[in-house]
Amino acid sequence: MRLIVLAAVLSLVTSLLATPALIKFLRARGLAQAIKQSTEGAIYPDHEHKRGTPSMGGLVMIFAVLVGYAGSHLVFWTPPSASGLLVIYLMLALAAIGFIDDYKKVFKQHSGGIRPRTKLTFQALIGLSFGYLALQFADDRGITPASLAISVVRETDFVLPTVVMILFIWFMITATTNAVNITDGLDGLASGAAFVTFAAYALMGFWQFGQSCAKDDYVKCYEVRDPLDLAVIAAAFAAAVFGFLWFNTSPAAIIMGDTGSFAIGGGIVALAIFTNTQLLLILLGGLFVITTGSVVVQRISFKIRKKRIFLMSPVHHHFELKGWPEQQIVVRFWILQGLFVGAGMAAFYAEWVAR
Numbered sequence: 001m002r003l004i005v006l007a008a009v010l011s012l013v014t015s016l017l018a019t020p021a022l023i024k025f026l027r028a029r030g031l032a033q034a035i036k037q038s039t040e041g042a043i044y045p046d047h048e049h050k051r052g053t054p055s056m057g058g059l060v061m062i063f064a065v066l067v068g069y070a071g072s073h074l075v076f077w078t079p080p081s082a083s084g085l086l087v088i089y090l091m092l093a094l095a096a097i098g099f100i101d102d103y104k105k106v107f108k109q110h111s112g113g114i115r116p117r118t119k120l121t122f123q124a125l126i127g128l129s130f131g132y133l134a135l136q137f138a139d140d141r142g143i144t145p146a147s148l149a150i151s152v153v154r155e156t157d158f159v160l161p162t163v164v165m166i167l168f169i170w171f172m173i174t175a176t177t178n179a180v181n182i183t184d185g186l187d188g189l190a191s192g193a194a195f196v197t198f199a200a201y202a203l204m205g206f207w208q209f210g211q212s213c214a215k216d217d218y219v220k221c222y223e224v225r226d227p228l229d230l231a232v233i234a235a236a237f238a239a240a241v242f243g244f245l246w247f248n249t250s251p252a253a254i255i256m257g258d259t260g261s262f263a264i265g266g267g268i269v270a271l272a273i274f275t276n277t278q279l280l281l282i283l284l285g286g287l288f289v290i291t292t293g294s295v296v297v298q299r300i301s302f303k304i305r306k307k308r309i310f311l312m313s314p315v316h317h318h319f320e321l322k323g324w325p326e327q328q329i330v331v332r333f334w335i336l337q338g339l340f341v342g343a344g345m346a347a348f349y350a351e352w353v354a355r
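With the first letter of the sequence shown counted as 1, position 62 gets the number 62 in the working numbering; the numbers rise by one all the way through.
Watch out, some of these pointers could steer you wrong.
Simulated crosslink set (DMTMM-like; lysine to aspartate or glutamate; CA at most 20 angstroms straight-line) [what the hints assert, rightly or not]:
1. Lys215 / Glu155
2. Lys215 / Asp139
3. Lys215 / Asp140
4. Lys220 / Asp157
In short, the hints are calculated from the structure, not lab data.
Using the sequences and the hints, build the whole thing.
What follows is the structure, encoded as structure tokens:
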């Protein structure tokens, strides 16, 4: 428990102190993300007031997570786990893609960033390598960070071949990362939603640690390789995002950019895979699912019916164009995310009680 608390404190303090420094640095150099403007063929919400807002705020969150995770282990002189290091690997690798994208948007003033196909190619390489590594590093009980079994709130009896599981992990990584990236369209929307999800995984990891099969092998125990360390890194993520949210709420003083959204997506999906709650992520990331779903439905409807369901997708821009204030959209979507995460945690606990 001390590791979890210290990781959260170190991460929060780092985020709160480093974000203003990054804002000052970026503003002094005029480094801000390009803003999409409406044309005859495409109507966008009026975000002119966001022009000049510094981007690449995700760099602070990544730094805060590293400080919180590494600092807590150094203070208590405990080694990091294979699971924790793999979460860090996925976070940094995906953040690198986001950083390149942000670089084009900020330094080249190209609002589109890098090509979608290029993003997907790099995500595939990272996802496949992560999937392979996640099935290595067995502990003394033969448990690897990721399991070959499909999981909901714990492993099921549905076991996949190794190659198929690696492909499934790749799909999860690509879907989750892009879902968080799509949701990051309004001030504080993605960061607030991610905070609730990371907090849930911190609680879940701590609970799994207390009921771990490594301690006592009984019918209700959890066969998770490093539950305590997963709780530590989840707490570091939650605190980093929470500290950043102080400056990211409307009107945002800084935008997380793709660097941050890709890193957050990587952290969330890695925790879902390693805590054996793969399909529960549909609830724990409910807002991200809805947002991405709105884009998919919009495109399918236009291709088949030549009609759009929403004024603009993702759905939060639809409400913007209907005249809802940005703060109202964000707060209501936060409430939805809280309800989704509450339902996910209720399902997680209900299964343990029933079992």
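Okay, the hints, checked on the actual structure:
no.: 1; hint: Lys215 / Glu155; result: 18 angstroms, holds
no.: 2; hint: Lys215 / Asp139; result: 14 angstroms, holds
no.: 3; hint: Lys215 / Asp140; result: 13 angstroms, holds
no.: 4; hint: Lys220 / Asp157; result: 15 angstroms, holds
When each numbered hint is compared with the structure, no violation occurs for any of them.
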